[in-house]
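Protein chains in written order, with my numbering: chain E, 1 to 254; chain H, 1001 to 1254; chain P, 2001 to 2303; chain Z, 3001 to 3303.
Keep in mind that the hints were calculated from the coordinates and are not lab data.
C-beta: ideal position from N, C-alpha, C; glycine also.
Some clues are possibly wrong.
As the list claims (entries may be wrong) - In silico SDA-like cross-links for lysine to any residue, where the CA-CA straight-line distance does not exceed 20 Å: (1) Z/Lys3146 x P/Gln2143; (2) E/Lys45 x H/Glu1203; (3) Z/Lys3289 x H/Ala1074; (4) P/Lys2179 x Z/Gln3143; (5) H/Lys1242 x P/Thr2059; (6) P/Lys2160 x P/Ile2088; (7) Z/Lys3146 x P/Asp2144; (8) Z/Lys3146 x Z/Arg3105; (9) P/Lys2146 x P/Asp2173; (10) E/Lys225 x Z/Lys3289; (11) E/Lys45 x H/Gly1079; (12) E/Lys103 x E/Glu131; (13) Z/Lys3146 x P/Val2176.
Claimed, not checked - Coverage of chain H stretches by chain P, computed from C-beta distances (three or more under 8 Å per stretch; other residues unrestricted): (14) 1043-1057; (15) 1065-1072; (16) 1211-1223.
Claimed, not checked - Label-pair distances were calculated between CB atoms; the ranges are: (17) P/Val2082 x Z/Gln3288: 52 to 58 Å; (18) Z/Ala3301 x H/Gly1087: 43 to 49 Å; (19) P/Asp2119 x H/Val1229: 25 to 31 Å; (20) Z/Gln3288 x E/Lys103: 56 to 62 Å; (21) P/Ala2183 x Z/Ala3301: 42 to 48 Å; (22) Z/Ala3301 x H/Gly1128: 49 to 55 Å; (23) H/Gln1177 x Z/Ala3301: 46 to 52 Å; (24) P/Glu2278 x H/Gly1087: 25 to 31 Å; (25) E/Gly79 x Z/Glu3034: 28 to 34 Å; (26) H/Thr1017 x Z/Lys3289: 18 to 24 Å; (27) P/Pro2058 x H/Leu1016: 31 to 37 Å; (28) H/Lys1124 x P/Thr2206: 37 to 43 Å; (29) E/Arg62 x H/Gly1087: 53 to 59 Å.
Spelled out from the first residue to the last, the chains are:
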Amino acid sequence: MSKCKMQAEVLRQTQLTEDIFDLWIKAPQIAEEAKAGQFVSLYTKDGAHLLPRPISICETDRETGSLRLVYRIAGYGTGEFSGYRPGDFVEAMGPLGNGFPLKNKKAMLIGGGIGIPPMLELAKELDGEKEIVAGYRDVLFLTEDLEAQGRLTVATEDGSAGTRGNVLDAIREKDIQAEVIYACGPTPMLRAVKAYAAEKGIECWLSLEERMACGVGACLACVCKSKEVDSHSHVHNKRVCKDGPVFEAGEVEL
Amino acid sequence: MSKCKMQAEVLRQTQLTEDIFDLWIKAPQIAEEAKAGQFVSLYTKDGAHLLPRPISICETDRETGSLRLVYRIAGYGTGEFSGYRPGDFVEAMGPLGNGFPLKNKKAMLIGGGIGIPPMLELAKELDGEKEIVAGYRDVLFLTEDLEAQGRLTVATEDGSAGTRGNVLDAIREKDIQAEVIYACGPTPMLRAVKAYAAEKGIECWLSLEERMACGVGACLACVCKSKEVDSHSHVHNKRVCKDGPVFEAGEVEL
Amino acid sequence: MRKINTEVNLAGVKLKNPVMVASGTFGSGEEYSEFVDLNRLGAVVTKGVANVPWPGNPTPRVAETCGGMLNAIGLQNPGIDVFVQRDIPFLQQFDTVKIVNVCGRTEEDYLEVVERLGDQPVDLLEINISCPNVKEGGIAFGQDPKAVEAITKAVKAKAKQPVIMKLSPNVTDITVMAKAAEAGGADVLSMINTLTGMKIDVNRRTFALANKTGGLSGPAVKPVAVRMVYQAARAVKIPIIGMGGIATAEDALEFILAGASAVSVGTANFYNPCATVEIIEGIEEYMQKNEIPRLTDLVGAVR
Amino acid sequence: MRKINTEVNLAGVKLKNPVMVASGTFGSGEEYSEFVDLNRLGAVVTKGVANVPWPGNPTPRVAETCGGMLNAIGLQNPGIDVFVQRDIPFLQQFDTVKIVNVCGRTEEDYLEVVERLGDQPVDLLEINISCPNVKEGGIAFGQDPKAVEAITKAVKAKAKQPVIMKLSPNVTDITVMAKAAEAGGADVLSMINTLTGMKIDVNRRTFALANKTGGLSGPAVKPVAVRMVYQAARAVKIPIIGMGGIATAEDALEFILAGASAVSVGTANFYNPCATVEIIEGIEEYMQKNEIPRLTDLVGAVR
Ligand SMILES: Cc1cc2nc3c(=O)[nH]c(=O)nc-3n(C[C@H](O)[C@H](O)[C@H](O)COP(=O)(O)OP(=O)(O)OC[C@H]3O[C@@H](n4cnc5c(N)ncnc54)[C@H](O)[C@@H]3O)c2cc1C
Ligand SMILES: Cc1cc2nc3c(=O)[nH]c(=O)nc-3n(C[C@H](O)[C@H](O)[C@H](O)COP(=O)(O)OP(=O)(O)OC[C@H]3O[C@@H](n4cnc5c(N)ncnc54)[C@H](O)[C@@H]3O)c2cc1C
Ligand SMILES: Cc1cc2nc3c(=O)[nH]c(=O)nc-3n(C[C@H](O)[C@H](O)[C@H](O)COP(=O)(O)O)c2cc1C
Ligand SMILES: Cc1cc2nc3c(=O)[nH]c(=O)nc-3n(C[C@H](O)[C@H](O)[C@H](O)COP(=O)(O)O)c2cc1C
Ligand code: FES
Ligand code: FES
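Isolated chain E (complex conformation) (with noise of 0.2 Å):
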């Protein structure tokens, strides 16, 4: 079997900025498993809240078995996660999804907003020659990790650091170069980075996001347009949860 769900421990957890939080959870089977760019689905104790709540794997430490979870506050579930302390115990089922496949190539990573936290995973996973590029609103966070993996450029909405506008401001103004995309943040960005990508002729991979029931291919809930019929619907459909969350730029309609 290579999915389970399980009671994990919560290890530590950090407040990183207003809204966003820093999970560590110990579960073993899972890390064990897992790779950057896969999900995991977290389960609230409240019976009044039922279907999973997807967060990306930030990071995986084998060693001791646990995993890292970097989280926005977006309504019930995560607010419930936010006041988890240590010795708490949460649901997790994972890991989900196909992850990212790792190119031997030059790489560029970009995250924006609430993406970013699968690239330090990621990051770390890729062997060769990386630049990262992130995007935030305003508040920055996980830089210092970002920055221990490869070049970080920074760009804000604000321009309270880094270069002022998104990621693509920072790419075309830094001239960033690179031979595989791996991208992750809201869809306007991900359409942006497509774009950037076919415009360049570089190789995209990017992860998408979609509301999901059973987070394991067997609902439907979670599809996305796709270029082909693909070969389990048979229809213009793939599912995040399973097929994704990571597709092949040109394989999707955004």
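Given chain E's structure and the hints, the job is docking chains H, P and Z with the ligands onto it.
Just chains H, P and Z with the ligands now, with coordinates in the frame of chain E:
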């Protein structure tokens, strides 16, 4: 305003028997008003379990503004409460119901099972001579507290302590005398107490239980059959939460 | 702070805000007046009242379910005489719209109550043709469009106050019932009453309610209620009072955006006696934040 | 440990226990086979399959509600050809009863699939005439007793396997629909499909689902489902598969005591992939504890 719903802090909790817990909460506004025989509604933290859990007041400490609640794990809500630790908060509303009338006569306080706890506060509030009769299945609880308030007679179903049998077996065996009876416990016990009081011509007050929704007299969920057409409902119904939970034995049909 | 206007108009009756209480969950207001300032409410809707006292059903009358509850009170009520003597004078003290919920077993029962209320200081009548917990009357009227239209017509012919018809959700197509009530002359619709449900106690191997079935209410039913309000609002021209699981301002706004002109809070009173006031304040905040000058601008705004 | 017998018989097909999975919540079994030993299940019911591939609805297709969820998948499926090539051989590996759920827009659509399945190693067919998420077909068939009877008859005329008709809860009187299906020759009934609901996102002022409405499932709907199973079981002689919010053995037993011969677990798989196995074990424990030799002794035991 004589009622209030509040976040009450858990001061301490101990386990009295396998399934009976002893909880002290800080609820100054409730403690201020509370009388023996009244109850509080406790609410779970779980969004799927909405209705109140009515729990009798076992003891009040006006000085510290705290309340003692002794309860048996019967299902989801009481299970949740049993996990609370000092510093946790529980939502509580009260004091609710009428409470026992304090009579200046020789009193007999009869508690059966989880109907025993309210007898402790009643014993504390009654000034005159009092006999306390407590019926257990097997394991005893609250006996020390009760002994401190009056003469205690114990009955156990398995005969492991006191009289083998129920409270009435003990009363008959010890020929316990009184001018007024107060009783709380399972319906068969209350029925027997009512018959005994009628037989002996003793004034008798019974505390009843019924499923509740509002706890304040608004929804008419918790009625019991009353002998007379009552002034609120104008049918033969009284509300346990508002007109009770304590009724003169002759008033109600069990 | 911009000036916002939360007033709503139901058949010529002006409510200071759209938040009222759902019939049967608030008594006649007295019990909750210890928690809530009734003057804050858009309206108070009373427990259903019949021509004579009704004893209601045996207990247990309520059971908890996931995110909701079942009730089978069976419309226990003291009858119109006591109601007029005791409950109306109590409500008279407050500056809020007074709505009396009327129940009956036969058309004559309803009409008797409606006539008795004609000269009373009551602003609107809500006719409950959808109670699942009494054998005759109640829901039977509410599941057949011809019966809905006929009873609405009969009530309208006698009523001195505007008439709200309270619809049952236990129907195949709510728009058929809504149109039938409109055709009968209803001034306002209210929906939803409870969904018929059942709970079984597997350990005692018996029904959780003495009445076997009961009415499901609370947050669990909200999606069904919002859908029905949305559908009905697109099928009729008269205003709708939305209810079913409202516990927060967000819930209330869902109904308003779906097409409700006003909302009622029922089951939530039981676990949060201050729910109504919190909802009123939450709606005001929402309007401020989103710069909505009039509440009526939100009614049916999502389509 | 006494010997207990959990077997149930549905139209001549023997299930080792009464617990199956609800259509559309378990794919064709493959995804959950990493969590659950499919050999443990009484039966596997597949996602609905049509004569040709269906793309389904736009996203968002799901939304969370209190104690439940809304879905508007829109019966996305790869069509019967792929299903026969890929999904049936996968299921063939397991020692469990195989039930294929069939959907369509027209009677012809249904019949084409039913005929294609005639020579396949499939034990029962479940005909979905109650999906609220597709415009034509689906629920339209399930809300009119004449249509229910007609489609049942037509399917029965072609079907090589026994036929389960899956009923919609969005009706005034479930017994009318149950009787219509029985009159049409249905071998088994299954209920309930989802209740039509809606959620509105008040901050974005839009529908939570792209399809506007969706089907409500999960523990929130259980009381409605138990009530309908109870009513239908008293109205027809054919067995009923009960579902709607089952997450624990207690839930399953509620349906069985109300009259269901077997039960399906749907939404609960999403938050507890091992729910089915836990339920099977819980039912066995209950039977041991209460000294019930045969599961069939419990069917409809509360009345
Ligand atoms: C593959 C994937 C990876 C993700 N990784 C991260 C991450 O690393 N850090 C992070 O902060 N967020 C991440 N998200 C978004 C995160 O799942 C949502 O913010 C979270 O589920 C919100 O839950 P809530 O209970 O706080 O909000 P609510 O609004 O109360 O949630 C209600 C329901 O909607 C779903 N939902 C709400 N927002 C989203 C969303 N944006 N995407 C998918 N479902 C949503 C919830 O899961 C829940 O079922 C990821 C989403 C996906 C699909
Ligand atoms: C006036 C009054 C005073 C009480 N005092 C005490 C006390 O001091 N100590 C104590 O242990 N118990 C007391 N009870 C019983 C206590 O309320 C129930 O045991 C408790 O509500 C069970 O809740 P649960 O969530 O654990 O059980 P569940 O079975 O999960 O509860 C489901 C629902 O049923 C209701 N319910 C379940 N059992 C009862 C019951 N026996 N009476 C009324 N409602 C019930 C619950 O409130 C809840 O709404 C009292 C009951 C009443 C009416
Ligand atoms: C305990 C209880 C009693 C009710 N009594 C009545 C009634 O007398 N008349 C009526 O029209 N509706 C009655 N209802 C239905 C409510 O007014 C309301 O329509 C329903 O509960 C849905 O709203 P909610 O989910 O906010 O409770 C009652 C509901 C409950 C829970
Ligand atoms: C995501 C999802 C997809 C579904 N797809 C189908 C389907 O294809 N065919 C069908 O007959 N029912 C379908 N259903 C309905 C379920 O089979 C079941 O009847 C309903 O969800 C109630 O059970 P539950 O509360 O246990 O989920 C679906 C339900 C869900 C939640
Ligand atoms: S969430 Fe169920 S298929 Fe992706
Ligand atoms: S619980 Fe509502 S009247 Fe007693």
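Hints versus structure:
1. Z/Lys3146 x P/Gln2143: 19 Å, holds
2. E/Lys45 x H/Glu1203: Judged against 20 Å, a Cα distance of about 50 Å means the pair is violated.
3. Z/Lys3289 x H/Ala1074: 19 Å, holds
4. P/Lys2179 x Z/Gln3143: OK: P/Lys2179 and Z/Gln3143 at ~19 Å, within 20 Å.
5. H/Lys1242 x P/Thr2059: 16 Å, holds
6. P/Lys2160 x P/Ile2088: 16 Å, holds
7. Z/Lys3146 x P/Asp2144: This hinted pair holds, its Cα atoms lying about 18 Å apart.
8. Z/Lys3146 x Z/Arg3105: The hint holds at about 17 Å.
9. P/Lys2146 x P/Asp2173: 14 Å, holds
10. E/Lys225 x Z/Lys3289: This hinted pair is violated, its Cα atoms lying about 52 Å apart.
11. E/Lys45 x H/Gly1079: 15 Å, holds
12. E/Lys103 x E/Glu131: 14 Å, holds
13. Z/Lys3146 x P/Val2176: It holds: about 19 Å lies between the C-alpha atoms, which stays within 20 Å.
14. 1043-1057: holds (count 7)
15. 1065-1072: violated (count 0)
16. 1211-1223: holds (count 13)
17. P/Val2082 x Z/Gln3288: 52 to 58 Å: With a Cβ separation near 54 Å, P/Val2082 and Z/Gln3288 satisfy 52 to 58 Å, so the hint holds.
18. Z/Ala3301 x H/Gly1087: 43 to 49 Å: 47 Å, holds
19. P/Asp2119 x H/Val1229: 25 to 31 Å: 27 Å, holds
20. Z/Gln3288 x E/Lys103: 56 to 62 Å: Holds - the Cβ-Cβ distance for Z/Gln3288 and E/Lys103, about 57 Å, lies within 56 to 62 Å.
21. P/Ala2183 x Z/Ala3301: 42 to 48 Å: Holds, since P/Ala2183 and Z/Ala3301 (Cβ atoms, about 46 Å apart) stay within the stated range.
22. Z/Ala3301 x H/Gly1128: 49 to 55 Å: 53 Å, holds
23. H/Gln1177 x Z/Ala3301: 46 to 52 Å: 49 Å Cβ-Cβ, so the 46 to 52 Å window holds.
24. P/Glu2278 x H/Gly1087: 25 to 31 Å: Since the Cβ atoms of P/Glu2278 and H/Gly1087 sit about 26 Å apart, the hinted range of 25 to 31 Å holds.
25. E/Gly79 x Z/Glu3034: 28 to 34 Å: Given a distance of about 30 Å, which is inside 28 to 34 Å, the answer is holds.
26. H/Thr1017 x Z/Lys3289: 18 to 24 Å: Cβ of H/Thr1017 to Cβ of Z/Lys3289: about 22 Å, so the range 18 to 24 Å holds.
27. P/Pro2058 x H/Leu1016: 31 to 37 Å: 34 Å, holds
28. H/Lys1124 x P/Thr2206: 37 to 43 Å: Between H/Lys1124 and P/Thr2206, where Cβ atoms are some 39 Å apart, the hint holds.
29. E/Arg62 x H/Gly1087: 53 to 59 Å: With Cβ atoms ~36 Å apart, the hint is violated.
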